[in-house]
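*Asks:* So the sequence lines, in the order shown, correspond to chains A and B.
For the first sequence, position 95 matches number 132 in my numbering, and the numbering has no gaps at all.
For the second sequence, position 32 matches number 166 in my numbering, and the numbering has no gaps at all.
Some hints could be false.
Listed below are the simulated SDA-like cross-link pairs for lysine to any residue, each with C-alpha atoms no more than 20 Å apart in a straight line [claimed, not checked]:
# : chain 1 : residue 1 : chain 2 : residue 2
1 : A       : Lys206    : A       : Ile195
2 : A       : Lys180    : B       : Gln342
3 : A       : Lys131    : B       : Tyr316
Chain B side only, calculated, beta carbon under 7 Å to chain A, not exhaustive [as the list claims (entries may be wrong)]:
# : residue
4 : Tyr316
5 : Asp328
6 : Asp329
7 : Ala332
8 : Arg436
9 : Pro437
By construction, these hints were calculated from the structure, which means they are not laboratory data.
Quick caveat: nothing in here was measured; it's all calculated off a predicted structure.
Ideal placement from N, C-alpha and C gives every residue a C-beta, glycine not left out.
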Amino acid sequence: MNQAVQVPDSADTFVTPDGRTVGPVMMDIRNIVLRFGGVTAIKDVSFNIMKGEVRAIIGPNGAGKSSMINVINGFYHPQEGEIWFNGKKRPSMKPYEVAEQGIARTFQNIALFHGMSTLDNIMTGRQLKMKTGFFWQMLRYGKAIEEETEHRAVVEEIIDFLEIQHIRKAPVGSLPYGLRKRVELARALAMEPDLLLLDEPMAGMNVEEKEDMSRFIIDVNEQYGTTIALIEHDMGVVMDLADRVVVLDYGKLLADGTPDEVQSNQAVIDAYLGV
Amino acid sequence: MYDVFIDPFVQMYSLPDFFIQVLWEGFVSGVLYSLIALGFVLIFKASGVFNFAQGIMVVFAALSMVGLYELGVPGWLSVIFALGIMYALAFSVERWIMRPLVGQEDIILFMATIGLTFMLIGGGQAIFGGEPKAMITSEIGLPSGDYVWEPGGGIVIFQKLDIAATVIAGLLIAGLAFFFSYTKIGRALRAVADDHQAAVSVGIGLNQIWVVVWFAAGIVALVTGIMWGAKSDVSFALQIVALKALPVLVLGGFTSIPGAIVGGLIIGIGEKLFEIYWGGLIGGGTESWFAFIIALVFLLFRPQGLFGDKIIERV
């Protein structure tokens with residue numbers, strides 16, 4: 038019942054149906070166990086994320102998907118298991134240290150800076166890339182000005198890319214839900230991450246907004262070569278977007294493979310149909 | 135009716151030099167209120183914590199400086215050492231108060247700052263004793279004496295110390311304003327103030343930011359302590375001036391640096407004018423409550439203050 042689908046050979050690269058070459062392994066998650074007091078949220082889960090792929094994490098509510106993202110992101114620290122990133126074993130890290138490694142994320146319930154404008158929100162994504170000393174920044178002098186202009190250019194490009202020019206100056210607290218999701222994605226992109234974690238990027242959206250968001254995710258992956266790991270409930274969307282899918286259920290790994298493999302997996306069908 | 139609506143203005147007009155003097159005195163105490171309020175705003179912006187200990191930090195900073203001087207440390211050096219002590223305080227507060235309490239309710243953090251207040255009062259009295267101390271002024275380069283201006287036969291006296299205080303406060307505020315609007319630490323600070331989780335996810339370390347703001351508040355406290363101490367004495371009674379910051383904050387908004395400044399000036403000048411020209415009608419002593427009445431009026435009609443963040447709520 039509970040056997041995993043064949044995983045593509047982890048050390049290698051593979052070519053997706055639409056012709057992109059994916060790999061080698063960027064992040065290797067090994068035997069993660071996460072407990073909250075007596076509750077075990079993640080039970081001995083291992084899978085990997087390969088460079089350049091769109092990896093989906095799916096599963097019923099309470100399966101441990103968000104916990105998994107939070108482990109990768111450094112919000113939670115697993116009691117057991119290892120995370121290998123770019124060939125190195127990662128020590129226990131704080132979220133901002135994980136961000137420094139080039140891992141960006143969005144949140145299930147949008148975490149934006151509500152008092153700031155769209156532009157300022159996205160500029161915070163450039164925080165780690167700014168190098169000039171605060172003294173020169175204060176005086177708005179020389180290199181500091183050049184640097185600010187440079188970062189603004191990157192941010193403007195992302196704003197164009199995500200088609201949010203019209204809300205550039207608006208305080209994000211006043212924006213409708215769909216747009217806020219987009220601003221959050223823009224902020225994550227501004228970090229120019231190697232790995233982008235999206236926690237339910239399409240939750241609560243209508244069909245049209247979902248289509249837009251899917252298009253953006255595909256474009257990000259293709260244009261910037263960003264590796265993406267996303268949690269999503271809409272199976273149609275997952276099957277369209279993802280190169281490979283991990284299925285979690287009650288904190289355990291249920292299946293791991295291409296969308297087709299996962300869809301035809303009996304254990305997955307049972308879990309989703311509640312048999 | 136005449137006494138309330140006409141007579142005060144007649145007085146202002148007939149004795150313009152006295153009027154200017156009153157405005158100036160009000161302005162000077164307004165600057166000090168602004169400085170105290172600024173200390174609160176800095177920490178509130180960055181952590182959403184109302185720092186009850188700001189008042190005692192003012193006393194503690196000033197006492198450290200005077201205490202060091204009494205031990206034989208030269209004037210300027212004692213200022214630098216006092217800054218060092220404020221940095222040590224900022225570091226300790228972050229390490230042993232903020233960090234263990236991260237993610238707790240705001241009210242818990244608020245209570246922690248009350249605890250800090252008592253620790254600083256107790257610690258301060260143990261180290262420096264409870265006696266008031268005279269502030270050192272000429273030893274750290276502050277001028278004394280008066281500057282007398284005689285416009286058309288009248289006389290207005292500006293204390294040089296007050297002028298210096300205003301200039302220094304202005305420079306300090308300008309420096310902080312530039313620091314927080316144009317540097318990446320400034321942007322990080324605003325980000326942290328808004329959403330801790332989102333801030334760390336873009337790579338902003340909370341610990342460093344908190345040390346920065348507590349130190350900035352410590353610098354403001356030291357400057358306030360020097361200025362205020364020079365006008366009276368440095369004693370633990372000074373910490374109650376911090377209460378005056380509350381109406382200033384209500385007026386200016388808890389999150390706005392310009393608000394703290396304008397609010398402080400309005401309260402400083404307003405309460406002085408009211409006391410001099412209207413106070414006599416109701417028996418005087420209005421300075422102790424006037425600010426709070428203004429604050430009440432603001433709470434009724436503009437709860438976010440003059441410059442506070444707009445309250446945006448999507449339902």
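*Asks:* If a hint holds in the structure, say so; if it does not, say that too.
*Replies:* Checked hints:
no.	hint	in the structure
1	Lys206/A x Ile195/A	holds (15 Å)
2	Lys180/A x Gln342/B	violated (24 Å)
3	Lys131/A x Tyr316/B	violated (27 Å)
4	Tyr316	holds (5 Å)
5	Asp328	holds (4 Å)
6	Asp329	holds (5 Å)
7	Ala332	holds (4 Å)
8	Arg436	violated (17 Å)
9	Pro437	violated (16 Å)
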